[in-house]
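Chemist: The listed protein sequences correspond, in order, to chains A and B. Each number in our numbering comes from the position in the first sequence (counting from 1) with 9 added on. Each number in our numbering comes from the position in the second sequence (counting from 1) with 58 added on.
Calculated from the structure, these hints are not laboratory results. Everything numeric in this text was worked out from a predicted model, so none of it was measured. All C-beta atoms, glycine included, are put in the ideal place defined by N, C-alpha and C. Treat the hints with care, since some could be wrong.
[As the list claims (entries may be wrong)] The calculated label-pair distances, taken between Cβ atoms and stated as ranges, are: (1) A:P416 x B:F236: 37 to 45 Å; (2) B:E342 x A:N261: 30 to 38 Å; (3) B:L141 x A:Y74: 30 to 38 Å.
[Claimed, not checked] Some, not all, of what chain B presents toward chain A, calculated at C-beta under 7 Å: (4) G144; (5) C177; (6) R180; (7) T184; (8) V298.
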Amino acid sequence: MMIKVMKETPLIVAEDKCHDPYLRCAFYGAAQTVMGVSGSCTLAHSPQGCYLLAERAFEWQNEDYTKTEILCTKLCEDEIVFGGENILTRTILDASSLKNPIMFVLSACGPEIVGDNISAVCENVSDKVHFRLLPIECAGFRGTQYDGIDIALDSILKNFALDKSKKRINSVCIIAPHANANPTWMADLTWVKNVLFEIGVDVITTLTHRTSLNEIADISAAEKSIVLSHDAGQKAATYLAKEFDVEQICHNVPLPIGLTNTRRWLTELGKTFNARHVVENLIPKGENMVVDQCRRKWIELYSISRLSTAIVADATVGIPLVRFITEDLELIPELVYLRSSKNVAGAIIENELQQLDLKPKVVYHTDVYQTRKSLVEIEPNIVIGSNIEKHAIEGLNTHYIFQLISPIQRFRMINREYFGYTGILNLLESIQNEVWDKYRSKETRYKARW
Amino acid sequence: MKSGTSIGQKKQDTKLGGKMRQIAIYGKGGIGKSTVSSNLCMALRKRGLRVMQVGCDPKRDSTRILTGGRLIPTVLETYRENLRKGRDEYAITLREIVYEGSNGVYCVESGGPEPGIGCAGRGVLTAIRILRNLGAFKTYNLDVVIYDVLGDVVCGGFAQPIRQGFAKEIYLLCSGAFMSIYAANNIAKGIRRLTQRGNTGLGGVICNSAGDQELETRVLTDFASRLGTKLIQFIPRSPVIQVCEVENKTVLEHSPDSIEAKAFQELAKNILNNDAPIIPNPIENLVELESMYRNHIMNRTNKTN
């Protein structure tokens, strides 16, 4: 049958730019967060593709597979048409023999679109199972993985944090250590815990990494909170401050990456916990160790001095890197591309750039497409980023790519921190290796590996 | 065979030279789509064509007056029952989901989830896909398939009969009430979006009168011409149609000699003769639509004075 067009109809032109996101969805962020609760069971109320995200989240938290369970309702078309509440009920009841103390029920996009009420299902079956149930509505379309972390932290705090009127002196809770693109972020958390131990501060709760339900219940007993991310966790800190009078500290300074940032961060800790004398010992000890190591190991970074540099990273690592590469490595930041766009992070970086008198191009919530476009336009000499940028600079006149941000194409057997003084050495080591790699052709590098 | 009973698979020659017409009726909720569709099916059947009505609505009441008031089992209900028994969609047979209504009109109801849960749009798509996979249209050698689609184009799911290329001609049903024209215009926007991608088009506008024949004819003729199409048929408002609804019969069976029956016969003839569906040009601006409607109201008022 012929179709006649009576009048000229306007063409539908897609005005949206191409999007190629760095970040995964809110479901993944929520899964990362709940996997950090020790011995938990996570039930993905989702099709099986999202289950894979839950598995990736499990890997990110480096959880104990003998104690952690991941289940999935494996939704198919039938559940989209008729709703998936029945299959969710069945799955929870089938899992009733599990010994886990808590089951987190995470809903993905499909069931939320068709209106599955996971809260009602959890409430209905709660007396038939011996573990606690916490439904978390974290469909991927609710935002990025950082939004998912905030959603999950919010649910966890509202349901498990108990109001302890008595505060423990010199105590702290650590928030969102896992919202950090250091591929081995657990080392950063360990460094922070060690420092707190040295200055006599007790870590009551970590939200979340190997955290027990009892620790979460005790969180309100903490005097202070520290958010270990510029990308997520701020909402949880604000909630704790408002509900339980847990004061947030170190929130206006970049995280401790590089000499100055570490010094500032430690100084603020010392001031808060009245431990200046301890911190005043830690700082020179750490700084001398870095200088001594650099002298002994003949670090050769003079060849990259004063080269134009692009930082493409999450805000957690990217913001402190600006000062680190400017002051410690004498590089010139020309592009700062951050994967997220939180207001707090924006204020910190603007303050940093003002203090350093730098005017690089700063882009928040960047994606791969935007990054590549800017890299083509500016062609910086150095890019500090991930394996994604390694491919993005193909064909450009960019001399070096330093892979520091997840995902990296480097095998790490041991967790390496970026925070603190050993963190500086870890960063320098990675950068030095990448510089040397530059003098080996692709072919040689390939042969050397295989 | 009695109304509302399941039928076997038969083969007959088609009357439209092998070309099956697939028609979708869209319009505002409560405008009379099911009534018009059922009567249209009956009128087409009376012309000797093999006709199927597919109700695309979880309420499953589209084919009610063709089946003597019986609510037939739906495709999704049957599908679900099979799933419960551990079978898949291929275990369904046409016998279970296609019912012969009065005068041999084939009736299918897609069905859907319970209110407040699941995705009805996806359900309609699944039901239509099952029909297609079972080869229903070829098996019954149909001349015309009429999709009676739920209410407005409420989401992408309800556009599936068009999107999947099942419905080739779309008819907008509206009365002279402003909101029904507004809804029809919105549906036309959806049709424009979908027709640009496939071999589908708007067949025309059908008026199911709310009582003001003169105004409705003028407004809807104007509206149809702005869309780039024409007013295909005027169905008068009549107690006869309401009586037929209550008696669970089509007008052509209950009052075959009535003006209303003639209107449906005329509608069937006009649709069969209409071979030029178009890509519509809906009115983009609500103010323009209001102004068009206001002009017709004012003209009538002036004439009356």
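Chemist: Are the hints correct? Go through all of them and say.
Modeler: Consistency of the hints with the structure:
1. A:P416 x B:F236: 37 to 45 Å: The hint (37 to 45 Å, Cβ to Cβ) is violated, given that P416 of chain A and F236 of chain B are roughly 57 Å apart.
2. B:E342 x A:N261: 30 to 38 Å: violated, 50 Å
3. B:L141 x A:Y74: 30 to 38 Å: Taking Cβ atoms as reference, L141 of chain B and Y74 of chain A lie about 33 Å apart, which means the hint holds.
4. G144: violated, 12 Å
5. C177: Check passed: Cβ of C177 of chain B comes within 4 Å of chain A, closer than 7 Å.
6. R180: Where the cut-off is 7 Å and the nearest Cβ of chain A is about 5 Å from R180 of chain B, the hint holds.
7. T184: T184 of chain B check passes; min Cβ-Cβ to chain A is 6 Å, inside 7 Å.
8. V298: violated, 34 Å
The structure shown violates the earlier hints numbered 1, 2, 4 and 8.
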